[in-house]
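Asks: Assemble the whole structure, with the sequences as input and the hints as a guide.
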Amino acid sequence: MELPKLNFQETFDFKFKRDKDKFFIYDLVRKTYLLLTPEEWVRQHWIHYYLTVKSYSASALITEKKIVLNGLTKRIDLLITEKTQPVILIECKAPQIKLTEKTFEQTARYNSIIGAKEIVLTNGLQHINAYYENGQYQFYRPD
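Residue numbers (my numbering): 1 to 143.
Keep in mind that the hints were calculated from the coordinates and are not lab data.
Some hints here could point you the wrong way.
Unchecked claim - The calculated DSS-like cross-link candidates involving lysine-lysine, where the alpha carbons are at most 27 Å apart (straight line), are: (1) K20 - K31; (2) K5 - K17; (3) K54 - K65; (4) K20 - K5; (5) K31 - K66; (6) K31 - K5; (7) K65 - K98; (8) K83 - K5; (9) K98 - K83; (10) K117 - K54; (11) K17 - K31; (12) K65 - K31; (13) K117 - K65; (14) K102 - K65; (15) K65 - K15; (16) K66 - K102; (17) K65 - K83; (18) K17 - K65; (19) K5 - K22; (20) K5 - K15; (21) K83 - K102; (22) K54 - K83; (23) K22 - K83; (24) K98 - K66; (25) K74 - K31; (26) K15 - K54.
Unchecked claim - Ranges of calculated distance between the beta carbons of each label pair, as one might list FRET restraints: (27) N134 - Q106: 18 to 26 Å; (28) S55 - Y131: 31 to 39 Å; (29) G71 - Y26: 30 to 38 Å; (30) Y140 - D21: 37 to 45 Å; (31) F16 - N134: 42 to 50 Å; (32) E105 - T52: 14 to 22 Å; (33) I113 - D13: 16 to 24 Å; (34) D143 - F12: 17 to 25 Å; (35) T73 - K5: 16 to 24 Å; (36) E101 - R75: 34 to 42 Å; (37) D21 - K74: 13 to 21 Å.
Quick reminder that beta carbons are idealized off the backbone N, C-alpha and C, glycines included.
Replies: Put into structure tokens, the structure is as follows:
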């Protein structure tokens, strides 16, 4: 399987397995192998980033959490917490998906339920970071 190199300075030690013609990647948070989709490739980079670079514990990371938005059940991709409080909501798209104002608004709607201080919209190649302050999002470039 050909996977694109994503826009991370670090390289991570992923575990893969193959079953017939399907590839799986090991999720350190859920402690199981998941089907390797383009979106999952992006999410696993962020999981490894927060566990190895930022030194968060696996219990501080929440994946695929269900939320209800306007009566519809949705799932958030990744939530980083500190002392069980939501801190960073990360919405992962496949690398070929363009990040647009519409995809950012989707992430902001999810965050209206979650209440994280910061959101990251990413396709693994491009990352859009924003803090929520005074009722609006302030975009920034991380260090």
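Asks: A separate judgement is required for each hint: does it hold in the structure or not?
Replies: Going down the list of hints, with the structure as the test:
no., hint, result
1, K20 - K31, "holds, 21 Å"
2, K5 - K17, "holds, 19 Å"
3, K54 - K65, "holds, 21 Å"
4, K20 - K5, "holds, 24 Å"
5, K31 - K66, "holds, 19 Å"
6, K31 - K5, "holds, 24 Å"
7, K65 - K98, "holds, 24 Å"
8, K83 - K5, "violated, 33 Å"
9, K98 - K83, "violated, 33 Å"
10, K117 - K54, "holds, 17 Å"
11, K17 - K31, "holds, 14 Å"
12, K65 - K31, "holds, 16 Å"
13, K117 - K65, "holds, 17 Å"
14, K102 - K65, "holds, 21 Å"
15, K65 - K15, "holds, 23 Å"
16, K66 - K102, "holds, 21 Å"
17, K65 - K83, "holds, 17 Å"
18, K17 - K65, "holds, 25 Å"
19, K5 - K22, "holds, 20 Å"
20, K5 - K15, "holds, 16 Å"
21, K83 - K102, "violated, 31 Å"
22, K54 - K83, "holds, 15 Å"
23, K22 - K83, "violated, 37 Å"
24, K98 - K66, "holds, 24 Å"
25, K74 - K31, "holds, 22 Å"
26, K15 - K54, "holds, 20 Å"
27, N134 - Q106: 18 to 26 Å, "holds, 22 Å"
28, S55 - Y131: 31 to 39 Å, "violated, 21 Å"
29, G71 - Y26: 30 to 38 Å, "holds, 35 Å"
30, Y140 - D21: 37 to 45 Å, "holds, 42 Å"
31, F16 - N134: 42 to 50 Å, "holds, 44 Å"
32, E105 - T52: 14 to 22 Å, "violated, 31 Å"
33, I113 - D13: 16 to 24 Å, "violated, 34 Å"
34, D143 - F12: 17 to 25 Å, "holds, 20 Å"
35, T73 - K5: 16 to 24 Å, "violated, 34 Å"
36, E101 - R75: 34 to 42 Å, "violated, 22 Å"
37, D21 - K74: 13 to 21 Å, "violated, 30 Å"
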